[in-house]
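Q: Which chain is which? The protein sequence lines are L and G, in order.
Numbering of the first sequence is given in this note's numbering, commencing with residue 1 and proceeding in unit increments.
Numbering of the second sequence is given in this note's numbering, commencing with residue 616 and proceeding in unit increments.
Since the hints were made in silico from the structure, they are not lab data.
Be careful, since some hints might not be right.
[Unchecked claim] Mimicking DSSO-like on lysine-lysine, the simulated pairs with C-alpha atoms at most 27 Å apart in a straight line are: (1) K769(G) x K537(L); (2) K769(G) x K881(G); (3) K759(G) x K537(L); (4) K234(L) x K344(L); (5) K452(L) x K778(G); (6) K759(G) x K344(L); (7) K305(L) x K199(L).
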Amino acid sequence: MKADSPSFFSLAAGPHGTPTRLPRWGPRHSRRELSLMPRGTPPQRGCRAGGPGMAAGALCVFACLAAGLAAAPDGGLDPATLLKPLADQWPSYSGDYTGRRYSALTQINQSNVKSVTLAWTSRLAAGAGGGGGGRGGDGGAQTIVGGEGTGDVVVGGATQIKGAVLMVNNVLYVTAPDNVWALDAHDGHELWHYFWKTKGGTHIGNRGVAMWGNYLFFVTPDDYFVSIDARTGKERWHKEAASFAQQYFLTSAPMTIGNHIIVGTGNDLDSPGYLTSYDPETGEQQWRFYTVPMNPGDPGLETWKNLDAARHGGGHPWIPGVYDPETKLYIFGTGNPTPAYHSKPRGEGMDNLFTCAIVAVNVDTGKMEWYYQTSPHDTHDWDSAQTPVLVDGTFRGSGPRKMVLTASRNGYYFTLDRRTGEHLVTSKFSEAVNWAKPQLNAKGQPVREPAKDHHIAGALVSAANGGATNWPPPAYSPDTGLFYVPTQETYAMYYLSETDPRGAMGLGGKDEISVGSAGSYISAIDYNTGKTVWRHKFRSTRGAAPSGLLTTAGKLLFGGDISGNFVAFDPANGNSIWHAHIGQVSNAPETYMVDGRQQVLVAAGDTLYAFTLYQ
Amino acid sequence: MPSRVRHTSLLVAFAAFLIVVATLDAQQPPGGRGRGSTITSPRNAYPDRPPGDPAAIERGKALYSVNCQFCHGADTRGGDSGPSLLRSGLVLDDRSGELMAPVIQNGRTDRGMPKFAFSNDQVADVAAFIHTFRAAGYDESRVKPPSIVVGDAKAGEAFFNAKCASCHSPSGDLRGLATRISDDRLLQQSWLMPGSGGGRGGPSPVTVRPTTVTVTLPSGERVEGKLDRLDDFVVSLITADGTHRSFRTNGDTPKVEVHDPLEPHKKLLPTYSDADIHNVTAFLVTLK
Numbered sequence: 001m002k003a004d005s006p007s008f009f010s011l012a013a014g015p016h017g018t019p020t021r022l023p024r025w026g027p028r029h030s031r032r033e034l035s036l037m038p039r040g041t042p043p044q045r046g047c048r049a050g051g052p053g054m055a056a057g058a059l060c061v062f063a064c065l066a067a068g069l070a071a072a073p074d075g076g077l078d079p080a081t082l083l084k085p086l087a088d089q090w091p092s093y094s095g096d097y098t099g100r101r102y103s104a105l106t107q108i109n110q111s112n113v114k115s116v117t118l119a120w121t122s123r124l125a126a127g128a129g130g131g132g133g134g135r136g137g138d139g140g141a142q143t144i145v146g147g148e149g150t151g152d153v154v155v156g157g158a159t160q161i162k163g164a165v166l167m168v169n170n171v172l173y174v175t176a177p178d179n180v181w182a183l184d185a186h187d188g189h190e191l192w193h194y195f196w197k198t199k200g201g202t203h204i205g206n207r208g209v210a211m212w213g214n215y216l217f218f219v220t221p222d223d224y225f226v227s228i229d230a231r232t233g234k235e236r237w238h239k240e241a242a243s244f245a246q247q248y249f250l251t252s253a254p255m256t257i258g259n260h261i262i263v264g265t266g267n268d269l270d271s272p273g274y275l276t277s278y279d280p281e282t283g284e285q286q287w288r289f290y291t292v293p294m295n296p297g298d299p300g301l302e303t304w305k306n307l308d309a310a311r312h313g314g315g316h317p318w319i320p321g322v323y324d325p326e327t328k329l330y331i332f333g334t335g336n337p338t339p340a341y342h343s344k345p346r347g348e349g350m351d352n353l354f355t356c357a358i359v360a361v362n363v364d365t366g367k368m369e370w371y372y373q374t375s376p377h378d379t380h381d382w383d384s385a386q387t388p389v390l391v392d393g394t395f396r397g398s399g400p401r402k403m404v405l406t407a408s409r410n411g412y413y414f415t416l417d418r419r420t421g422e423h424l425v426t427s428k429f430s431e432a433v434n435w436a437k438p439q440l441n442a443k444g445q446p447v448r449e450p451a452k453d454h455h456i457a458g459a460l461v462s463a464a465n466g467g468a469t470n471w472p473p474p475a476y477s478p479d480t481g482l483f484y485v486p487t488q489e490t491y492a493m494y495y496l497s498e499t500d501p502r503g504a505m506g507l508g509g510k511d512e513i514s515v516g517s518a519g520s521y522i523s524a525i526d527y528n529t530g531k532t533v534w535r536h537k538f539r540s541t542r543g544a545a546p547s548g549l550l551t552t553a554g555k556l557l558f559g560g561d562i563s564g565n566f567v568a569f570d571p572a573n574g575n576s577i578w579h580a581h582i583g584q585v586s587n588a589p590e591t592y593m594v595d596g597r598q599q600v601l602v603a604a605g606d607t608l609y610a611f612t613l614y615q
Numbered sequence: 616m617p618s619r620v621r622h623t624s625l626l627v628a629f630a631a632f633l634i635v636v637a638t639l640d641a642q643q644p645p646g647g648r649g650r651g652s653t654i655t656s657p658r659n660a661y662p663d664r665p666p667g668d669p670a671a672i673e674r675g676k677a678l679y680s681v682n683c684q685f686c687h688g689a690d691t692r693g694g695d696s697g698p699s700l701l702r703s704g705l706v707l708d709d710r711s712g713e714l715m716a717p718v719i720q721n722g723r724t725d726r727g728m729p730k731f732a733f734s735n736d737q738v739a740d741v742a743a744f745i746h747t748f749r750a751a752g753y754d755e756s757r758v759k760p761p762s763i764v765v766g767d768a769k770a771g772e773a774f775f776n777a778k779c780a781s782c783h784s785p786s787g788d789l790r791g792l793a794t795r796i797s798d799d800r801l802l803q804q805s806w807l808m809p810g811s812g813g814g815r816g817g818p819s820p821v822t823v824r825p826t827t828v829t830v831t832l833p834s835g836e837r838v839e840g841k842l843d844r845l846d847d848f849v850v851s852l853i854t855a856d857g858t859h860r861s862f863r864t865n866g867d868t869p870k871v872e873v874h875d876p877l878e879p880h881k882k883l884l885p886t887y888s889d890a891d892i893h894n895v896t897a898f899l900v901t902l903k
């Protein structure tokens, strides 16, 4: 779609974006040379390594040939590691690029999981005081303080770990809003703590760091993109990634793909969503992709009332996507259109592209290759931002087929062809959802029933605002062929509280009052048919949403229930095999090897729990 | 909020229901955003602009009303021909007219906005006035819900007689219901799912009759009491004498029977049409 024209530049031709090892002359030389160039040299069109003069021109050729990999890092995390199937380490948000959260590890498996025991816990303390990891033991490491704020903004509420924890070379990298910690994976003790003094912004969660070489990248609620040295916790630089005055807030985990670090926005006040790709060395912008039309002639503009509506249309990609190295497509979900509930200013019944959609952009150019909208003209603030899952397999007996699977917050499940975006399957994975007409349209999309928008007298709608599922990530096991989705079936009355359509901004204009839940589940879906093969209903009469999920070649499915239990299920049928009550699981579990021993790591609030097997 | 209902046989709160959704972590926070330097919740995350000079705001208001209001609305939320300024990225990023000046002074003739021969000081005055409007999704001052009673009371009475009368009676437990719960929306929420009426942080008008549970042990012993906690692995209850008892469960052993007073309300939930709901409310508001 559209790029930010003044600063947009292509990475040009070549086998770029594929983080395979390059000939020695490629990356190393160009990197060393480049480091001699003056800081702040503006990038030239067609080459990331632009600079004045002949030498720079020659470098440009090198860099362009070397393409997306122009600067493979020394030490730390090699981006090529990210291409490997998930096993010994956990080097990115989903562990690997597929988003399956399927680990090849089998040391802990169905036959021995009942002997799993606690290896360590680590309780983290956010803020300038730091001291995390030490409350139960030997004290925390020194806190390194950065940030543009004055330091007097008090962020209330308990520390919550709601994102991925990277595990690279036996070190864990953990985040909460404004905070990053490095912990020793052997015992969870703190190596360093970085704290960002905030100017403010919505402190709802942070989904983790990205890593490239020895550099870490994370984003802040007051809209900075920050790089720190993974070895020391010292800041390298920070860049303004969005407008704080426009009330953007950043929560997503950046994604490392080749020499791109990709960051998505968040905002609840009618500002446009976008992805930005940054250079890992310099933090310079490589490209920007807006998820809504920003200029006359942009694709999708015909699906909005007018350009002003489109430019305030939201569609924030606030959860990391996945990557297909074969097609070089970064595939991600977009959030709700805005104003979220008062949809008239967006154009009655118009689709509002590319909000609530699965979108594929070329990772080197930032240009859109395809999209599929899972909620045309959403009126309930149900994002489609959930991490999609890439699966290779037979489809209805033929194949192999390259697919992308997603279960949307609106209660519908989709199978798409990930090379083209072709629609293959739609199904309802929540029996309760009632916001759409009974029949799908010709494209396989659910069709909004306007009577189930918000109304003055109230409309009884399932799901409640949180949706049938939300950001907690799903998982897929190639052993069972099943796609696992944390699910809840909730009801709410949606009342219109603002009758002047000009009056509503962002999430305003309605009151939503819960009337309860018909249950919380893990749903296991067959991607060939969209049918739910089994679902595990949690017996509790109260509680929160189920957590994100992890599955392994050890024939296990891990997740948190709605009652504070961390549970190992049988992925074939959903029966629980092992559990420990640790408090409400607040992220998705992960697994990796530390010195030959498998750990399963999970967070509950401010505390990490690492489980292992002593045999 | 109305005072608490004394007759609890009808309206039994089940606070846990509220918790189900309230603890959900959606990306967006509920509620509006207040301002201030202390972030205690996502609601008041963004600091205020410093207050403008009152004299400049007055001058700007006069200029705005004459030159801008027709297209952009008296409240800056837009009019027929001009977009909302309140959510404009340029206006939000502007501090004191420096970003607005080129637009005002040059116009956006391609989009129908003429140029205005304002001096930079005049632009700054207009900016000071525009910046007095608060950019937020929730503007409590504008939230004035009209009456929610739109249904047909006769149809509602018929529905009531068919679906509710086996447990409830207008002349019995529901006598004076609409007097006890004078807020119509709260009344609607309270009959739909007792306990759900409080809305955003407000109290529920009904008190709770607790869920009870019966546990039948393999020995045949039956233990009954108020449900404390139930998950896939443990059931906990408090017996009539106040004793707390917990049992590990494994599948269907021991047998656990939950007696949820709201079960009939839950079962009806997927069956209502919105018209049913509005009609029943129109009927119940007559029970003064």
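Q: Decide, hint by hint, whether the structure agrees.
A: Okay, the hints, checked on the actual structure:
With a C-alpha separation of about 39 Å, the suggested pairing of K769(G) with K537(L) is violated against the 27 Å cut-off. As the CA atoms of K769(G) and K881(G) are separated by approximately 24 Å, the hinted pair is consistent with the 27 Å bound. For a cut-off of 27 Å, the pair hint linking K759(G) to K537(L) is broken: about 40 Å separates their Cα positions. For the proposed pair K234(L) and K344(L), the alpha carbon gap of about 48 Å is over 27 Å, so the pair is violated.
With a C-alpha separation of about 23 Å, the suggested pair K452(L) and K778(G) falls inside the 27 Å cut-off, and the hint holds. Between K759(G) and K344(L), the direct Cα distance comes to roughly 19 Å. Compliance with the 27 Å bound is thereby established for this hinted pair. A C-alpha spacing of about 35 Å is found between K305(L) and K199(L), which places the hinted pair above 27 Å, so the restraint is violated.
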